Amino acid sequence: MSNSINLKTAHGLRDAIRGKEISAREAAEAYLNHIDAVDGDVRAYTDVWRDSALTRADTIDAQLAKGEDPGPLAGVPIGLKDLICTTEGTTACCSKLLKGFVSPFNATVADRLNAAGAVVLGKLNMDEFAMGSSTENSSIDTTRNPWNFDCVPGGSSGGSAAAVSAYECAIALGSDTGGSIRQPAACCGCVGMKPTYGRVSRYGLVAFASSLDQIGPFTRDVEDCALTLNTICGYDRRDSTSADLEVPDFTTSLTGDVKGMRVGLPKEYFTDALGAEIRDKIDTAVRVLESCGAEVVEVSLPHTEYAVATYYIICTAEASANLARFDGVRYGNRAMDATSPEEMYKQTKSAGFGPEVQRRILLGTYVLSSGYYDAYYLKAQKVRTLIKQDFDAAFEQCDVILTPTAPTPAFRIGEKSDDPLSMYLSDIYTISANLAGLPGISLPCGLTESGLPAGLQILGRPFEEGAVLQAAYAYEQNSGIELGAPTAIAESVS
Amino acid sequence: MSTITEKDVEYVANLAQLTLDDTQKERLVGELGKILNYIDKLNELDTDGVEPMMHVQALSNVFRKDEIAPSLPRETVMQNAPKDDGEYILVPQILDGD
Chain A
1050 MSNSINLKTA HGLRDAIRGK EISAREAAEA YLNHIDAVDG DVRAYTDVWR
1100 DSALTRADTI DAQLAKGEDP GPLAGVPIGL KDLICTTEGT TACCSKLLKG
1150 FVSPFNATVA DRLNAAGAVV LGKLNMDEFA MGSSTENSSI DTTRNPWNFD
1200 CVPGGSSGGS AAAVSAYECA IALGSDTGGS IRQPAACCGC VGMKPTYGRV
1250 SRYGLVAFAS SLDQIGPFTR DVEDCALTLN TICGYDRRDS TSADLEVPDF
1300 TTSLTGDVKG MRVGLPKEYF TDALGAEIRD KIDTAVRVLE SCGAEVVEVS
1350 LPHTEYAVAT YYIICTAEAS ANLARFDGVR YGNRAMDATS PEEMYKQTKS
1400 AGFGPEVQRR ILLGTYVLSS GYYDAYYLKA QKVRTLIKQD FDAAFEQCDV
1450 ILTPTAPTPA FRIGEKSDDP LSMYLSDIYT ISANLAGLPG ISLPCGLTES
1500 GLPAGLQILG RPFEEGAVLQ AAYAYEQNSG IELGAPTAIA ESVS
Chain B
173 MSTITEKDVE YVANLAQLTL DDTQKERLVG ELGKILNYID KLNELDTDGV
223 EPMMHVQALS NVFRKDEIAP SLPRETVMQN APKDDGEYIL VPQILDGD
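From first to last, the protein sequence lines are chains A and B.
To convert, take the position in the first sequence, counting from 1, and add 1049; that gives my numbering.
To convert, take the position in the second sequence, counting from 1, and add 172; that gives my numbering.
Calculated from the structure, these hints are not laboratory results.
Computed from a prediction, not measured in an experiment: that's the story for all the values here.
Don't take every hint at face value.
[What the hints assert, rightly or not] Below, simulated BS3-like cross-link-like pairs (lysine-lysine); rule was C-alpha separation at most 27 angstroms, straight line:
(1) A:K1437 x B:K213
(2) A:K1057 x A:K1069
(3) A:K1145 x B:K255
(4) B:K197 x A:K1145
(5) A:K1148 x B:K255
(6) A:K1316 x B:K213
(7) B:K206 x B:K179
(8) B:K213 x B:K197
(9) B:K197 x A:K1465
(10) B:K237 x A:K1431
(11) A:K1465 x B:K255
(12) A:K1437 x A:K1316
(13) B:K206 x A:K1465
(14) B:K206 x A:K1431
Bound conformation, chain A alone:
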């Protein structure tokens, strides 16, 4: 019984719970038992809320017994990245500095999920403060890729991606600053979407780079992705950068029809840097959409090769400002022996932040420092304009842009941890969407010879998540690709 529950999509499970075929408690128990069975290997969760999840599930069941509708995610078990503030449990961003931090408030997305009837199972592992592409920068543990425990799950939302792919939750939320949702989704073989900047409130999302950060879902199919967006998107007065725009019902975009849709292929993305195996899979994906009636056009994004450099100036500059607040005064693990405030700040930060976070703070401080501001920060902001203009021009010729999500499948644990620059380059195809503020999805497009998932990325115009989902759904329904459960996980769920 429990096994079939985990295999259901979120919408399938929601329907079964609403139809009282399965109780919300049975669903929560099935997931919690499966977490007990596999998370010792996967290590996706940093905190499992067994008691509160079961209590919450009972509330949903009680609502259903009274004939009330608990909402569009009734009883659906969900996991949250450890940087989304919740009054339940802790919110530590997988940093030693914030270990044990209990948020006095819920993030807007957490409130919205609760209002939609979701059951939160706990918090998920990540690179410390979302800085990384492998989850190896977590101060807690390195999450394993469910498809091969010797490989990374991608990052920074590696715990979220691995938990969804290992059937340890039906939906997870993560955050994406330069690819931190899409790249791990590609590595772990699930659907991951970064909505348009401003679509989802960032209130209660611990900030990394405020002009780039966006919350989004990890799901097992495109319909679940649309369903989650319906719940989390929308204006929030507590985030003044959230867009005051009507949120459409994204499930209406799931028509399966892409006749006449113009799909752009940016020639700069299909270079030698792209592995042949991934390239073949993307070519096949293009043909699938073409066979569904889409029109394929070549487009150019001439400043693509400057995106990573631009990103690492802007994101580190913003991070150095955002992370200055973790000084041990009001919260966090203060260095208690310090005898002056200055010593307290220095000792707290030096002991609390891990090496990658310190590296980015230093780089960000450097590019903002007197004498270098114009050469680095201002220069990067100008190139950001050029990158945005590339997309504006490309979107005159096409409706969506199709690319690989990452140049290679998941790499091995430890393979890049001593080389920050090569780690940064794993985000080469995802970073531009953050710089330009575009919505983007990654969805599985097959397994490589070595049995690791490959990801297809679809980007759209700002606030046109609908077109992205439309293309993604048509591909998903017509590609014939269904990864199923990773071998190591299958035993516990099949």
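Chain A is already provided as a structure; the job is to place chain B on it using the hints.
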């Protein structure tokens, strides 16, 4: 080509309120130097006359009415304070003297 020296790293670390030991400094000179060299790629581009983009949205200040609303209860906020007297958060002494 950018070069970053140990002195630069010390200067920036001080601005960022970080303390580094000699091993860390040496490692960072190498790592940051490599990243800065890569970033120098941007100098290939002529950006004269290009407007800098601070943000994807063309937002200027967002104003709201100044209305009184409940704020978080003190005890909830204070539960995370490393040191407090129940009313105030305590830090090491700032000014010299008794």
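Violations among the numbered hints, reported as their numbers in ascending order | 10, 11
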